[in-house]
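Given the sequences, and given the hints that come with them, work out the whole structure.
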Amino acid sequence: MIKFVGVSKKYKNEIIAVSNINFTIDNGEFVFLVGPSGAGKSTILKLLLREEIPTTGSIFVDKKDITKLKRRDVPYLRRNIGVVFQDFKLLPNKTVYENIAFALQIVEAEPKYIRRRVPMVLSLVGLSDRANSYPQQLSGGEQQRVSIARAIVNEPSILVADEPTGNLDPDTSWEIVKLLSEINKRGTTVIMSTHAKDIVDSMKKRVIALERGNIVRDEMRGAYGYEA
Amino acid sequence: MKLNTAFYYIREGFTNVKRNRAMTVASITSVTAALLILGLFLIIILNVDSMANQVESQLELKAFINDSYDMSKVTKVGDEIKAIDGVKSITFESKKDALNNFKKQLGDKSYLVNGLENDNPMPQSFIVKVTDANMMKQVAEEIKKIDGVTQVSYGQDVVDKLLGIIKIIRIVGLCVILILFIISVVIISNTIKLGVFARRREINIMKYIGATDWFIRWPFLVEGIVLGLVGSILAIVILGLIYGYAADLVNNKLVIFTLLPVRNVLRQTLMYFLAIGSLIGALGSGISIKRFLNV
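If you're matching them up, the sequences are chains A and B in order.
Following the UniProt record's numbering, the numbering of the first sequence begins with 1 at its first residue and continues without gaps.
Following the UniProt record's numbering, the numbering of the second sequence begins with 1 at its first residue and continues without gaps.
Since the hints were derived computationally from the structure, they do not count as laboratory data.
One thing to keep in mind: the hints can contain errors.
[Unchecked claim] For lysine to aspartate or glutamate, the following EDC-like pairs were computed, each having C-alpha atoms within a straight-line distance of at most 20 Å:
id: 1; chain 1: A; residue 1: Lys205; chain 2: A; residue 2: Glu219
id: 2; chain 1: B; residue 1: Lys145; chain 2: B; residue 2: Glu80
id: 3; chain 1: B; residue 1: Lys290; chain 2: A; residue 2: Glu155
id: 4; chain 1: A; residue 1: Lys197; chain 2: A; residue 2: Glu219
id: 5; chain 1: B; residue 1: Lys129; chain 2: B; residue 2: Asp160
id: 6; chain 1: A; residue 1: Lys204; chain 2: A; residue 2: Asp26
id: 7; chain 1: B; residue 1: Lys144; chain 2: B; residue 2: Glu202
id: 8; chain 1: B; residue 1: Lys129; chain 2: B; residue 2: Glu141
id: 9; chain 1: A; residue 1: Lys46; chain 2: B; residue 2: Asp70
id: 10; chain 1: A; residue 1: Lys94; chain 2: B; residue 2: Glu60
id: 11; chain 1: A; residue 1: Lys178; chain 2: A; residue 2: Glu155
id: 12; chain 1: B; residue 1: Lys2; chain 2: A; residue 2: Asp26
id: 13; chain 1: B; residue 1: Lys290; chain 2: A; residue 2: Glu51
id: 14; chain 1: A; residue 1: Lys70; chain 2: B; residue 2: Asp213
id: 15; chain 1: B; residue 1: Lys95; chain 2: B; residue 2: Asp147
id: 16; chain 1: A; residue 1: Lys68; chain 2: A; residue 2: Asp87
id: 17; chain 1: B; residue 1: Lys62; chain 2: B; residue 2: Glu93
id: 18; chain 1: B; residue 1: Lys290; chain 2: A; residue 2: Asp26
id: 19; chain 1: A; residue 1: Lys68; chain 2: B; residue 2: Asp213
id: 20; chain 1: B; residue 1: Lys82; chain 2: B; residue 2: Asp147
id: 21; chain 1: B; residue 1: Lys145; chain 2: B; residue 2: Asp85
id: 22; chain 1: B; residue 1: Lys62; chain 2: B; residue 2: Glu202
id: 23; chain 1: B; residue 1: Lys2; chain 2: A; residue 2: Glu108
id: 24; chain 1: A; residue 1: Lys12; chain 2: A; residue 2: Asp73
id: 25; chain 1: A; residue 1: Lys70; chain 2: A; residue 2: Asp26
id: 26; chain 1: A; residue 1: Lys89; chain 2: B; residue 2: Glu202
id: 27; chain 1: B; residue 1: Lys62; chain 2: B; residue 2: Glu142
id: 28; chain 1: B; residue 1: Lys144; chain 2: B; residue 2: Asp213
id: 29; chain 1: A; residue 1: Lys94; chain 2: B; residue 2: Glu142
id: 30; chain 1: A; residue 1: Lys63; chain 2: A; residue 2: Asp73
id: 31; chain 1: A; residue 1: Lys3; chain 2: A; residue 2: Glu219
id: 32; chain 1: A; residue 1: Lys46; chain 2: B; residue 2: Glu202
id: 33; chain 1: B; residue 1: Lys76; chain 2: B; residue 2: Glu12
This is the structure in structure tokens:
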């Protein structure tokens, strides 16, 4: 469960990124975070990953206030939250397999477990035949699948996707969202920030809409915007 | 720490070492240079120290007797010396003995004093052994009071002088070493910084997937320590070769003093070198990763 309670974030240059944000996301939900650029979507994700600390307010992840987390405990929070970025952030000098295995190496998983787990995730994202390719040999959609595989390989309970389809064409975007939805069905909470109106409208999932740092709408089975 | 994680750190550390060849060479050279200078000072200190010890351990002083005194008067002076508290034994060294001893000291250059037998300039003296080094000064004062004793010289003078020299060498050496130490740390930290910079994407990703700070830090620490250790081993080898050659030269050609054998010197400096080398490396890398970990 994720809970934002009266969260405001003011950056050093006095820009107010988000102000008095309140929402709760239950386990297993699929939530779209929508709004124009600069509305505060990225800030909310950064706050959730403890990349930023709110100026005021509390953020709970599984009943633990992560704003009070000690620096050395942050990695353990992040192991429970998988992240997918718009620009994939794959390591170019590692193969697909190695990129995914790397996430398990970091949490000091047993080599035996890594050898079993990586092929499983690869088949889940449909890239079993690309295990030994390098990221630059893959299409954008394939690269994003690799990054999703990396994000879920150590079975986090939450998956955060920051505009995961921002660099992809509409068809590929759909495949990625279907994959995220598939992961969500297996019990992972998914939070996805996006500008993709079509996707949001037809998915009929919960939508949290932000404008100038405020939540302007929070609907179950929502759409991208009023004018839609 | 799991074994395969440790292997990961070491493998990644060595990958870093290989990545920036030029900077790796610069780092190792600076550590080697710093430690060579350190070694030079250490060797000087060790040798002067050993000289001071040698002089001190002899526990003897020399009482020079008026040249005009004949044997009977000399014997009387000897009796008076023997009576002093703290004197263990005395040996008389005649003018002739003194000259012969000096000749022996000069070895194959003894021809320098040929022809002095008839007009022997060496003084006659008593070599006085003392029971306790601390009594030296007191005994010397007592002997000085005896009629016919012209001068008393004892090792303490030399020891004091040597200790004074050691003190100066230590201070100068410490300053020079400190400066070189800092320079080495800075150079290594710059080397590591390049590696960290080359891997900033990777570090950023690692932070996102939940790597601990230490997991990220270790490969760079390994890199720094490797640079430091290689530098110190090089310094030891160079120092051993040069000092070995110098010690041979001095001990064979000169007779006034001897240098400590190379093996002793290396045994005493080896551990310092390795410790300081790795400390320089660890410090250098520690400084440079700190900034990059704040994600």
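Hints, verified against the model:
1. Note on A/Lys205 and A/Glu219: the hinted pairing holds, with a Cα-Cα distance of about 8 Å set against a maximum of 20 Å.
2. Restraint check for B/Lys145 and B/Glu80: satisfied, since their Cα atoms lie roughly 10 Å apart, inside the 20 Å limit.
3. Between B/Lys290 and A/Glu155 the CA atoms are separated by roughly 30 Å; this puts the pair beyond 20 Å, and the hint is violated.
4. The straight-line distance between the Cα atoms of A/Lys197 and A/Glu219 is roughly 15 Å, inside the 20 Å bound, and the hint therefore holds.
5. Under the criterion of a C-alpha separation no larger than 20 Å, the hint pairing B/Lys129 with B/Asp160 is consistent with the structure, at around 19 Å.
6. Simply put, A/Lys204 and A/Asp26 have alpha-carbon atoms about 17 Å apart, close enough for the 20 Å limit, and the pair holds.
7. Of the supplied pair hints, the one linking B/Lys144 and B/Glu202 is violated, its CA atoms being roughly 80 Å apart against a limit of 20 Å.
8. With a C-alpha separation of about 14 Å, the suggested pair B/Lys129 and B/Glu141 falls inside the 20 Å cut-off, and the hint holds.
9. The suggested pairing of A/Lys46 with B/Asp70 is violated, with an alpha-carbon distance near 103 Å, which exceeds 20 Å.
10. The hinted pair formed by A/Lys94 and B/Glu60 fails the criterion: a straight-line CA distance of about 75 Å is larger than 20 Å.
11. The suggested pairing of A/Lys178 with A/Glu155 holds, with an alpha-carbon distance near 18 Å, which does not exceed 20 Å.
12. At roughly 36 Å between alpha-carbon atoms, B/Lys2 and A/Asp26 are farther apart than 20 Å, so this suggested pair is violated.
13. Taken as a hint, the B/Lys290 and A/Glu51 pair is honoured in the structure, with Cα atoms around 17 Å apart against an allowance of 20 Å.
14. Restraint check for A/Lys70 and B/Asp213: satisfied, since their Cα atoms lie roughly 13 Å apart, inside the 20 Å limit.
15. Annotation: proposed proximity of B/Lys95 to B/Asp147 holds, straight-line Cα distance about 19 Å (limit 20 Å).
16. Between A/Lys68 and A/Asp87 the alpha-carbon distance is near 30 Å, which puts this suggested pair outside the 20 Å criterion.
17. Restraint check for B/Lys62 and B/Glu93: satisfied, since their Cα atoms lie roughly 10 Å apart, inside the 20 Å limit.
18. Annotation: proposed proximity of B/Lys290 to A/Asp26 is violated, straight-line Cα distance about 37 Å (limit 20 Å).
19. Distance check on the hinted pair: A/Lys68 and B/Asp213 sit about 18 Å apart at the alpha-carbon level, within 20 Å; holds.
20. Only pairs whose Cα atoms come within 20 Å are accepted, and B/Lys82 paired with B/Asp147 is accepted, the gap being roughly 14 Å.
21. Between B/Lys145 and B/Asp85 the alpha-carbon distance is near 14 Å, which keeps this suggested pair within the 20 Å criterion.
22. For a cut-off of 20 Å, the pair hint linking B/Lys62 to B/Glu202 is broken: about 75 Å separates their Cα positions.
23. Restraint check for B/Lys2 and A/Glu108: satisfied, since their Cα atoms lie roughly 7 Å apart, inside the 20 Å limit.
24. For the suggested pair A/Lys12 and A/Asp73, the alpha carbons sit about 25 Å apart, so the restraint of at most 20 Å is broken.
25. A distance of roughly 25 Å separates the Cα atoms of A/Lys70 and A/Asp26; the hinted pair therefore is violated under the 20 Å criterion.
26. Between the alpha carbons of A/Lys89 and B/Glu202 the distance comes to roughly 9 Å, so the proposed pair stays at or under 20 Å and holds.
27. Of the pairs offered as hints, the one joining B/Lys62 and B/Glu142 holds, with about 13 Å between alpha carbons and a cut-off of 20 Å not exceeded.
28. Between B/Lys144 and B/Asp213 the CA atoms are separated by roughly 72 Å; this puts the pair beyond 20 Å, and the hint is violated.
29. In summary, the hint linking A/Lys94 to B/Glu142 is not supported, as the alpha carbons are separated by about 85 Å, beyond the 20 Å threshold.
30. With a C-alpha separation of about 15 Å, the suggested pair A/Lys63 and A/Asp73 falls inside the 20 Å cut-off, and the hint holds.
31. About 16 Å separates the Cα atoms of A/Lys3 and A/Glu219, which keeps this hinted pair within 20 Å; it holds.
32. A distance of roughly 19 Å separates the Cα atoms of A/Lys46 and B/Glu202; the hinted pair therefore holds under the 20 Å criterion.
33. Between the alpha carbons of B/Lys76 and B/Glu12 the distance comes to roughly 82 Å, so the proposed pair goes past 20 Å and is violated.
Checked against the numbered hints given earlier, the structure breaks hints 3, 7, 9, 10, 12, 16, 18, 22, 24, 25, 28, 29 and 33 and satisfies all the rest.
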